Every structure is written in C-alpha cells, then in structure tokens.
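2 protein chains.
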Amino acid sequence: MRGMNGLMMDFPLTLSAIFRRAEAMFCDREIVFRRPDQSLHRYSYAEFAERTRRLVRVLRDLGIRPGDRVATLAWNHGPHLEAYFAIPLAGSILHTLNLRLHPEELAFIVNHANDRAVVVDSLLLPLWECVRPHVNVPVTIVIDATESVRAGDLAYERLLAQSSATDIGPDPYEQTAAAMCYTTGTTGRPKGVLYSHRSLVLHALGICLADSVGLCEHDVVTPVVPMFHANAWGLPHAAIMSGAKLAFPGPHLNPPALLDLYQRERTTLTAGVPTVWLNMLQVLDANPNAYDISSLRMMLVGGAAIPPAIIDGFQKRHGINIVHAWGMTEMAPLGTISRLPAALIESSDDEKLQQRAKQGRPVPFVEIRGRNESGLVPWDGRTMGELEVRGPWVAGAYYNQTDGDDRFTEDGWFKTGDIVTIDGRGTVQLQDRSKDLIKSGGEWISSVALESALMGHPAVAEAAVIPVQHDKWGERPLAAVVLKPGTSATAAELRSFVAGHVPKIWIPDAFEFIDAIPRTSAGKFKKTELRERFKDYRLP
Amino acid sequence: MRGMNGLMMDFPLTLSAIFRRAEAMFCDREIVFRRPDQSLHRYSYAEFAERTRRLVRVLRDLGIRPGDRVATLAWNHGPHLEAYFAIPLAGSILHTLNLRLHPEELAFIVNHANDRAVVVDSLLLPLWECVRPHVNVPVTIVIDATESVRAGDLAYERLLAQSSATDIGPDPYEQTAAAMCYTTGTTGRPKGVLYSHRSLVLHALGICLADSVGLCEHDVVTPVVPMFHANAWGLPHAAIMSGAKLAFPGPHLNPPALLDLYQRERTTLTAGVPTVWLNMLQVLDANPNAYDISSLRMMLVGGAAIPPAIIDGFQKRHGINIVHAWGMTEMAPLGTISRLPAALIESSDDEKLQQRAKQGRPVPFVEIRGRNESGLVPWDGRTMGELEVRGPWVAGAYYNQTDGDDRFTEDGWFKTGDIVTIDGRGTVQLQDRSKDLIKSGGEWISSVALESALMGHPAVAEAAVIPVQHDKWGERPLAAVVLKPGTSATAAELRSFVAGHVPKIWIPDAFEFIDAIPRTSAGKFKKTELRERFKDYRLP
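Line order of the protein sequences matches chains A and B. For the record, in the first sequence the residue sitting at position 103 is 103 according to our numbering, with numbers rising by one throughout. For the record, in the second sequence the residue sitting at position 226 is 226 according to our numbering, with numbers rising by one throughout.
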C-alpha cells in the first residue's frame with residue numbers, strides 16, 4: 001500500500017558530504033597523533049583535507065577502480081584517517097585489517113576480500129611479510145617508511161608529495177559500499193561486513209545525538225579502540241562530521257602513554273574495551289593525582305561487559321564518567337548506550353550504578369527484540385533471550401559467504417548471539433554469549449553475571465565462568481579466577497561472596513585459581529581455550 | 001562511475017519507526033497541554049500511542065486512503081500531536097493549515113491540496129465556517145467538541161472512544177510523503193512543500209545532534225512556534241523520538257501564560273519567533289523574579305533575526321540562553337544554528353554575543369553557498385549574496401505548481417531569497433530578504449543590519465527599514481521607528497547612534513516615527529505594507 005512520494009531533494013547520505021563539510025567549515029581544527037618514536041605530530045583539518053584529496057588521486061593513478069577493496073594494516077593515526085576517507089571518496093572500499101590476527105587468518109581475509117592494494121604501517125611490515133607470500137595484492141603503500149622501501153613497494157609520503165589535490169567527482173549513491181570489516185568473534189570462518197555510505201553516515205549521526213555519545217565540535221576525541229575494529233566505533237566519521245579535535249594514540253596503548261595524551265591534548269571523549277580501562281584503573285590507583293585528566297567528560301566502554309565496581313572506582317576515585325555501550329561489527333557498531341533514563345533521575349546512587357552497568361537502550365532506528373525457545377521474550381528485565389536487531393546500520397548479509405546465513409531471520413532481523421534481558425524501558429542487559437551460556441537443568445545461567453559478581457570481590461583481578469558437564473544438570477558453572485598479587489581468597493569465601501549477588505542455583509560448583517585468563521585478539525576473554533583446558537573436569 | 005553496493009539492511013527511515021520506538025521505550029513519559037479553559041491536561045506516552053493507533057483506525061474506517069491529504073486547523077496540543085503521527089502512519093499526508101491566514105487564502109490552499117478531511121479545533125470552527133463554503137472537504141472532525149457538533153461533523157473524542165487501537169501495518173518506503181505545508185512568505189500564490197518520511201526523520205536526527213538543538217530525553221519541550229509552521233520546527237518528531245516530555249501551550253501564547261507553563265512544567269527547551277520573545281522580555285523586565293524559569297536551558301529563536309541587545313538582555317537580566325537558528329518551510333525547516341564555534345571558546349563576551357546574533361552554521365548535510373551578480377561569493381564574512389541550499393530535507397520542487405520553478409537552480413540547489421554573508425567557518429549572517437534589500441548606487445544595504453542597530457537604542461521598541469526611490473542612488477533607506485512608551489529620540493540622535501554600527505553610506509536618509517510595525521500572519525514585519533505607505537516618499 002503506497003501513497004504519494006514526497007518532493008524533497010534526492011540528496012545522498014555519503015562520506016563525501018561529511019568530508020566536504022569538514023573541509024569547508026573546520027579548516028582550523030586539529031588532528032594530533034603519536035608517532036612510533038612517541039613524539040606528537042599535529043596538523044589542521046585543512047591539511048588533512050588536502051592530503052586526503054591527494055591520496056584520492058594517488059589511488060586513481062595506481063589504477064584502483066570503483067568497488068576495488070583497499071586494505072589498511074595500521075594503528076590509529078592521521079594517515080589511517082586519510083585512508084578512511086580517501087578510499088571511499090575514490091569510490092573504492094576501505095578494508096581494515098586486524099593486526100592482532102594470525103598471519104594465516106589475515107591471508108584468508110585478504111584473499112577472500114581480494115584486496116587490490118594495502119596501506120601498511122612501517123612498524124607492521126614484519127607482520128605483512130608473513131602474509132604477503134600467501135596473497136596476491138598488487139600494490140603496497142608504506143606509511144612512515146623511514147628507509148628505502150622494498151623494491152616495488154611505495155612510500156606513502158612520497159606518493160602524496162608527488163601528487164596534487166584532486167576533484168573528488170560526483171557523490172556516489174548512498175547504497176554504495178564504503179568500507180568493510182571482517183568479524184572473527186563468532187565460530188566458523190571470518191565473515192565480511194560491507195558497510196554502505198548510508199549506513200556509516202546514519203551511524204555517525206547516531207553517535208552525535210545528545211542522548212547517545214553526544215560527540216560535538218568542542219570535543220577532543222581519543223579513540224583507543226583500534227581503527228581496525230568496526231570503524232573505531234564510528235568515532236572518526238562522527239568527529240570529522242562535527243569538527244572535533246582528534247588525538248590519536250598511534251601504537252602506544254599502554255595506560256601511561258594514554259593518560260599522558262589525555263593530559264596534553266585535553267581529551268574529552270575516549271573509547272575502548274574493558275581490559276584497557278581495567279589496566280588504566282590500576283595505574284591511576286597506583287599513581288593518584290599523577291595525571292590531570294579533568295577534561296575527560298566520557299570514557300566509552302564496549303566490546304564486553306564492565307563490572308559495576310570498575311565503573312564506580314573510576315567515578316569515585318578519579319571523577320571519570322564511564323559510559324557503557326554495546327554493539328557489533330555487524331552493526332557499524334553502535335547498538336545500545338547506557339545513558340540514564342529520565343525516569344531514574346531521582347533514583348539512588350546504587351540504582352544509577354546498576355543501570356549504568358547495563359548495556360543501555362537502543363539508539364534511534366536500532367530496533368531490538370529477545371527470543372528464547374518459547375518465542376519473543378517479554379520486556380520484563382528478567383526473561384533471557386537471544387538479542388535480535390534490525391536497523392539502517394545493521395548488516396543484511398555477509399560478503400560472499402553463505403555459512404552465516406543462519407544469523408538472519410526470515411523476517412529480516414539479525415541474530416546477535418548475545419543472551420540478554422530487556423526491561424520495560426528497552427534497557428538491554430547482557431547475560432551471556434549464546435555459546436557461553438550455561439544451561440543447567442532447563443535454567444539459563446549467565447556467565448557474565450557471575451563474572452561481574454566475582455570481579456566485585458576485592459581479591460579478584462579477573463574471573464571467567466564456563467560450563468562443565470554434569471550428569472544430573474547437564475551443565476554446571478566453573479569459575480576460573482585470577483587473584484590480585486598479594487591477596488588471597490578461598491573457594492568457600494568466593495562462594496559465599498557470590499551468593500549475595502546471584503540466585504542460589506547459579507553459584508559455581510567449582511573454583512579454579514589460575515594465572516591469567518586467555519584473551520582473544522580483541523582483548524576479550526577466550527573461553528574456548530578455558531573450555532578446552534577444563535573439558536574433562538570432574539565436579540566434586 | 002559506480003562501485004559495489006553495501007550489504008546493510010534496507011531499513012526505511014520513517015515516522016513509523018519513531019512512533020514504534022516511543023511506544024516501546026518511553027511509555028511512562030509525559031505529554032501536557034493547556035486546554036482552552038487554561039487548565040492543564042496531562043497524559044502518558046502510552047496513552048498517546050494508544051490514541052494515535054485508534055486515530056489511524058478512525059481515518060481508515062472513514063475511507064481515507066494512502067496518499068490522501070488530511071488537514072489540521074489547530075493549536076499546539078496533544079490531539080494535534082496525535083494527528084501528526086496518525087495521519088502519516090495511516091499512509092496519508094498531514095496538511096497543517098495556518099490559522100492566521102485569511103479565509104480566502106485558506107480556501108485556496110485547501111482546494112489546491114485537495115484535502116479529503118480536516119481535523120479542527122472547536123475554538124477555530126468560526127474560522128473554518130468561513131472557509132467551508134468555498135472548499136469540498138468530505139470529513140470534518142472536531143477536537144474538543146463541547147456541545148453537539150454540526151450535522152455531518154464528527155467529534156474527535158467520540159470517534160476515538162468508539163474505535164480501538166490498530167496494527168499500523170508495514171512501514172512505507174522512506175520517500176513516501178508524510179506531511180505538507182504551504183509557504184506564504186514569498187511573492188505569488190501559496191506554494192506547497194511535500195515532506196517525505198525520510199526528510200522528517202533525518203531532520204529529527206539533525207535537531208537532536210549535540211551541536212544542534214541537542215534535544216534529549218531529559219528535556220521538557222515547549223514549542224511556542226505553532227504546529228502549523230513548518231512542523232513546529234520538527235520539535236514534535238524529535239521529542240517523540242527522544243522520549244522528551246512535551247508541554248504544549250494550547251491557544252495561550254501570551255507571555256504570562258507561557259512563563260507560567262515553563263515554571264509549572266520545568267520547561268528546558270522552548271522555541272518561537274523573535275516577536276514572541278520581544279514581548280516576553282518586556283514582561284520579564286517589568287516583573288523580575290516573578291517566575292522561576294531556571295529550568296530553561298535553551299530558548300530557540302528563528303523566523304527572523306533577533307537583535308544582539310535582546311539576546312544580551314535575556315542572558316544578563318534573566319539568565320536565559322537564546323540560541324538563534326535559521327530555516328524555511330522549504331527546509332523542514334532547520335538550516336543553520338548558532339552554537340559557539342570551538343575556535344571562539346576563548347573570545348570576549350562581546351565577540352561571543354556578535355557570533356550568537358548571527359544565524360549560525362549549517363547542521364550536517366545541509367550545504368550552503370552564496371551567489372551575487374558576479375557568481376559564487378567568497379566565505380569572507382563580508383561579501384553579500386543570495387543564500388542557496390541543498391540537503392536531504394530541502395524541497396526539490398513545489399507541489400503541483402510550476403510558478404516556483406525559478407527557485408531551483410539547474411544544478412540542484414534551492415534559492416532561499418535570503419541575502420547573507422558567510423564567514424570562513426560557514427557562519428551565515430542574514431543581511432536581508434532579497435526583496436527587502438536596498439540597492440543603492442551598486443551597493444547592497446542590509447535592512448536587517450540597520451534594524452538590528454536601531455533596536456539597540458534604548459528608546460527604540462521596533463524599527464523597520466525599507467527602500468525609497470532616489471534620483472541619484474536608485475534607492476536609499478528609510479527607517480520606520482516605534483519608540484518605547486515614555487521615551488523620546490530625534491532623527492538626528494538615531495542617525496548618530498546608527499553611525500557607530502554600520503558603514504556611513506548605509507545610514508538612513510529619513511526617519512519616520514510610527515505607532516506600530518505591521519506584521520504578517522507569522523509575526524514577521526510586513527514590509528510590503530510599509531512600502532505601500534511610503535511609496536511616494538520624497539527624500540529631503
């Protein structure tokens with residue numbers, strides 16, 4: 001049933017328009033990044049725009065065609081930002097490679113994407129040399145090429161110096177692919193997500209909404225989340241659209257280097273995964289008042305749940321506002337963000353903390369629902385279900401791959417694989433990954449809730465909970481615990497501590513004290529390894 | 001030159017998605033409005049959603065079909081908000097009628113749009129009865145029908161009570177028309193602007209950006225701008241998308257009624273044209289501390305330029321933050337907004353005030369350029385040109401009318417008819433309407449700048465500047481001035497006062513003291529009437 005069409009302009013939503021805006025309005029705004037030698041390099045939006053236009057010409061002159069995939073293997077810095085815009089502006093597709101993957105996995109991804117060029121950090125050439133023999137990428141461009149590059153390779157700065165700024169040409173259709181990113185978080189082969197201009201633009205608007213990240217021109221943005229992880233959560237696009245100052249850490253992601261960057265550049269907004277902030281909190285606690293980071297208005301966390309005790313520690317001990325968000329590579333990535341609902345303005349500090357520790361509510365145009373064996377779950381804040389999503393920046397399919405087809409429902413939703421509860425205001429609380437969920441006698445037990453409770457104990461540095469086989473219940477939880485140096489806790493103590501936070505039948509049957517939790521390339525707990533280690537575990 | 005398409009979901013941007021979001025996430029949020037008897041009526045988003053779904057069913061049961069135009073003739077209140085959503089959700093087109101127009105003009109518009117139904121306030125039935133004989137609208141639905149309605153007419157509340165909430169059905173294509181509004185601000189016949197779902201949704205996102213109005217869930221929004229003026233500047237859509245509380249003034253737009261509403265409902269964000277705020281400032285000045293309006297974080301002004309002295313008066317004397325915006329019915333309407341550029345954070349109070357009094361910088365995806373007889377003007381903050389715009393919420397054509405075709409350039413821009421300067425950061429400063437501009441010996445003189453300067457004089461209540469014929473210069477400025485009661489000023493005094501603010505050759509040749517400046521239905525100065533009055537003026 002179709003009515004009449006409106007008579008508004010057919011103006012496409014493209015990165016070209018974002019770039020044009022930045023160039024026209026924000027020429028004196030700044031971009032700063034830390035070089036490999038730790039020095040800070042700074043330049044203006046005007047120079048960024050000029051260099052980006054040159055890079056567009058370079059790519060075209062090298063024979064890169066519309067639709068071609070151009071890979072980057074780089075840390076967070078200015079030239080990577082230039083590639084973020086120049087590659088889509090040239091009509092081709094930015095393909096960010098995760099430098100933490102195994103070379104074999106990288107080779108698979110490069111071959112699957114059929115990348116026609118790669119822009120690689122000089123620092124990362126050793127990694128690239130492990131990949132290169134197994135792929136066929138005709139063009140290699142080296143950023144920060146300090147000495148003579150290998151025969152046939154090209155130096156980024158020399159190419160730019162020899163080029164000149166070009167006209168970009170007409171805007172593409174908004175459905176045109178602009179970027180791609182492979183997700184390796186799920187089982188099976190890596191799967192490519194192919195972002196359109198439209199999806200990235202709408203996502204940038206989503207980031208800048210006052211009720212979301214509220215990114216604005218006055219911000220100084222330090223993305224700690226790598227630019228090869230789901231577009232650095234869209235922060236580069238949103239920042240350039242808004243004229244915000246960018247302060248990139250380069251390859252220096254240790255807490256002292258980051259804290260120094262925040263202090264020097266007056267960072268207002270930073271973003272990263274929980275493990276980064278856990279380490280930073282330890283540094284801050286050990287060196288109170290060593291850094292002036294009072295400019296920080298928001299420390300965005302995503303990628304995994306962060307325990308309330310950590311949120312509270314940052315707030316109470318260092319005045320830092322942690323804001324929880326949730327998303328996926330398949331979602332560009334922003335899905336939900338935990339800003340305080342208006343109805344909770346008068347609630348107690350503890351209630352506010354509990355709310356903030358949840359993954360939050362969907363940003364506009366991201367729609368959510370939960371599903372379990374009985375169908376769609378009620379929004380009661382209690383019933384667990386797998387989260388399904390849809391929206392204009394959610395993937396509709398994977399790139400040239402059918403073995404992820406079961407992630408899409410027949411009625412057009414994407415199955416996230418996350419087990420959640422949803423409350424009456426749409427607040428999502430992550431309970432587990434569906435593959436990590438512990439199914440005990442018909443009951444779903446959330447490993448995330450158990451881990452969060454355990455990490456509230458003063459002696460616990462980290463904890464991961466996995467299922468082990470049980471004759472009667474099918475599965476029961478086992479907690480693998482890392483204690484903080486110089487502290488101690490017994491299984492009995494932890495059992496009684498946890499009992500105060502979760503239902504009785506969730507209490508782990510076993511506690512194992514280990515040296516470290518294995519991690520994935522994204523810094524998340526690698527539970528498959530723990531499961532393997534404890535696969536023959538006999539419960540007492 | 002086209003690349004590969006992205007693989008994201010084909011999720012349309014529709015008011016349906018905004019409505020669904022509000023219903024799912026914000027059921028306990030509030031909508032308040034003042035009834036004709038001045039009492040306040042309040043209800044929840046849940047009730048609003050239920051009533052809107054009933055209205056969708058009512059419209060369908062009455063035979064309203066997708067694409068049909070349904071008019072409203074109503075003040076700002078809950079039922080009008082229900083119509084704002086129900087009419088597009090039913091697939092038909094919301095056509096807001098301006099109750100300040102002459103009945104003949106209204107009849108022309110209703111006939112041109114071929115409205116199939118009208119939803120009219122009981123209070124406005126006398127006006128509608130003047131229109132009704134000249135139009136053919138089969139269905140009349142009366143809001144607040146206190147007594148038995150005229151035979152054949154229907155009572156809004158009775159229809160809703162007899163109906164039940166309906167499934168809305170599948171989302172429309174985002175290009176589908178959702179609303180229309182006729183513009184009467186320009187010469188010639190009224191012209192219809194036909195907004196698509198997409199344009200209204202993107203506009204709502206534009207309103208909620210942190211660098212724009214930053215509308216959020218915690219806001220309490222009081223649109224003083226009528227819902228029949230360019231979608232009340234998109235505030236209803238943005239508020240419902242965000243879950244903000246709405247506090248509508250109903251028909252009570254006098255400053256004491258508005259101030260009382262702000263105080264009672266803790267309004268944070270209000271919006272209207274300069275004349276409303278000019279009157280309010282007088283009331284506040286006369287009754288300092290009579291109202292607690294400390295909740296107000298932003299008083300949005302648009303529709304005409306507001307003098308710096310007024311902005312300063314609100315700020316210094318009453319702590320109220322006036323934010324200037326500029327737009328047009330053809331732009332849904334938001335074009336630019338005057339938030340402080342990051343580079344001016346350290347500037348003096350006076351520089352900040354000068355910046356705030358400008359119309360501001362374009363919101364993302366609104367693109368601007370200026371043009372004069374020599375072509376595109378430089379962004380130097382000095383060279384005047386007619387402002388041209390394009391963007392996803394800018395009209396591409398008028399509805400069923402060709403005599404506005406000259407407003408669109410061959411390369412796809414809309415000619416606003418506003419004469420502006422643009423500075424190096426994209427700040428637009430309104431100099432004049434192209435038809436009000438004074439062309440004096442090859443020089444363009446801004447009547448707006450002269451008026452703004454004059455209204456900075458302590459004795460001047462209002463001033464309007466128009467061109468009068470001059471043998472040598474072609475045109476020269478004449479200032480029509482209204483003095484504040486109990487004050488006095490001579491032409492010589494005003495001449496020397498203005499000399500401090502504008503180029504010497506801009507100084508008006510003549511000053512005429514009059515009782516009042518005539519106004520248009522939108523509350524703007526009606527200069528055509530002044531021009532007529534002074535058309536035979538002989539300069540001394």
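Simulated from the structure, these hints should not be mistaken for laboratory data. In this text the structure is predicted, and so the values were computed from the model without any measurement. Please note: incorrect hints may appear among the correct ones.
[As the list claims (entries may be wrong)] Label pairs and their in silico Cβ distance ranges:
| # | chain 1 | residue 1 | chain 2 | residue 2 | range |
| --- | --- | --- | --- | --- | --- |
| 1 | A | D349 | B | T409 | 39 to 47 angstroms |
| 2 | B | D292 | A | S294 | 25 to 33 angstroms |
| 3 | A | G424 | B | T409 | 44 to 52 angstroms |
| 4 | B | L344 | A | T146 | 37 to 45 angstroms |
| 5 | A | D349 | B | L40 | 28 to 36 angstroms |
| 6 | A | T409 | B | R371 | 46 to 54 angstroms |
| 7 | A | D349 | B | N372 | 56 to 64 angstroms |
| 8 | B | R266 | A | G441 | 45 to 53 angstroms |
| 9 | B | R266 | A | E532 | 54 to 62 angstroms |
| 10 | A | D349 | B | R42 | 26 to 34 angstroms |
| 11 | B | R266 | A | T409 | 41 to 49 angstroms |
[Claimed, not checked] On the chain A side, residues computed to face chain B include the following (Cβ under 8 angstroms):
| # | residue |
| --- | --- |
| 12 | F11 |
| 13 | R29 |
| 14 | Q175 |
| 15 | P190 |
| 16 | S199 |
| 17 | L205 |
| 18 | K352 |
| 19 | L353 |
| 20 | V394 |
[To be verified] To give an idea of the chain A side of the interface with chain B (calculated C-beta under 8 angstroms), a few residues:
| # | residue |
| --- | --- |
| 21 | M8 |
| 22 | P172 |
| 23 | A286 |
| 24 | P288 |
| 25 | G426 |
Note that beta-carbon positions come from the ideal geometry of N, C-alpha and C, so glycine has one too.
Here is what the structure says about each hint:
1. A:D349 with B:T409: 39 to 47 angstroms: Cβ of A:D349 to Cβ of B:T409: about 57 angstroms, so the range 39 to 47 angstroms is violated.
2. B:D292 with A:S294: 25 to 33 angstroms: holds (32 angstroms)
3. A:G424 with B:T409: 44 to 52 angstroms: Once the Cβ atoms are compared, 51 angstroms apart, the range 44 to 52 angstroms for B:T409 and A:G424 holds.
4. B:L344 with A:T146: 37 to 45 angstroms: This hint holds: roughly 40 angstroms between Cβ atoms.
5. A:D349 with B:L40: 28 to 36 angstroms: Taking Cβ atoms as reference, A:D349 and B:L40 lie about 33 angstroms apart, which means the hint holds.
6. A:T409 with B:R371: 46 to 54 angstroms: Distance hint for A:T409, B:R371 holds at roughly 51 angstroms.
7. A:D349 with B:N372: 56 to 64 angstroms: Since A:D349 and B:N372 have Cβ atoms about 59 angstroms apart, the given range 56 to 64 angstroms holds.
8. B:R266 with A:G441: 45 to 53 angstroms: holds (51 angstroms)
9. B:R266 with A:E532: 54 to 62 angstroms: holds (57 angstroms)
10. A:D349 with B:R42: 26 to 34 angstroms: Since the Cβ atoms of A:D349 and B:R42 sit about 29 angstroms apart, the hinted range of 26 to 34 angstroms holds.
11. B:R266 with A:T409: 41 to 49 angstroms: Roughly 43 angstroms apart at Cβ, these two residues keep to the hinted range, so it holds.
12. F11: For A:F11, the interface hint holds, since the closest Cβ of chain B sits about 4 angstroms away, which is under 8 angstroms.
13. R29: holds (7 angstroms)
14. Q175: Holds, about 5 angstroms.
15. P190: Where the cut-off is 8 angstroms and the nearest Cβ of chain B is about 15 angstroms from A:P190, the hint is violated.
16. S199: holds (4 angstroms)
17. L205: Holds - the Cβ of A:L205 comes within 8 angstroms of chain B, reaching about 5 angstroms at its closest.
18. K352: Since chain B brings no Cβ nearer than about 14 angstroms to A:K352, farther than 8 angstroms, the hint is violated.
19. L353: violated (18 angstroms)
20. V394: Hint on A:V394: holds, closest Cβ of chain B at ~5 angstroms, below 8 angstroms.
21. M8: Since the shortest Cβ distance to chain B is 4 angstroms, the answer is holds.
22. P172: At 7 angstroms from the nearest chain B Cβ, A:P172 passes the 8 angstroms test, so the hint holds.
23. A286: With a closest approach of 34 angstroms, the A:A286 hint is violated.
24. P288: violated (29 angstroms)
25. G426: holds (4 angstroms)
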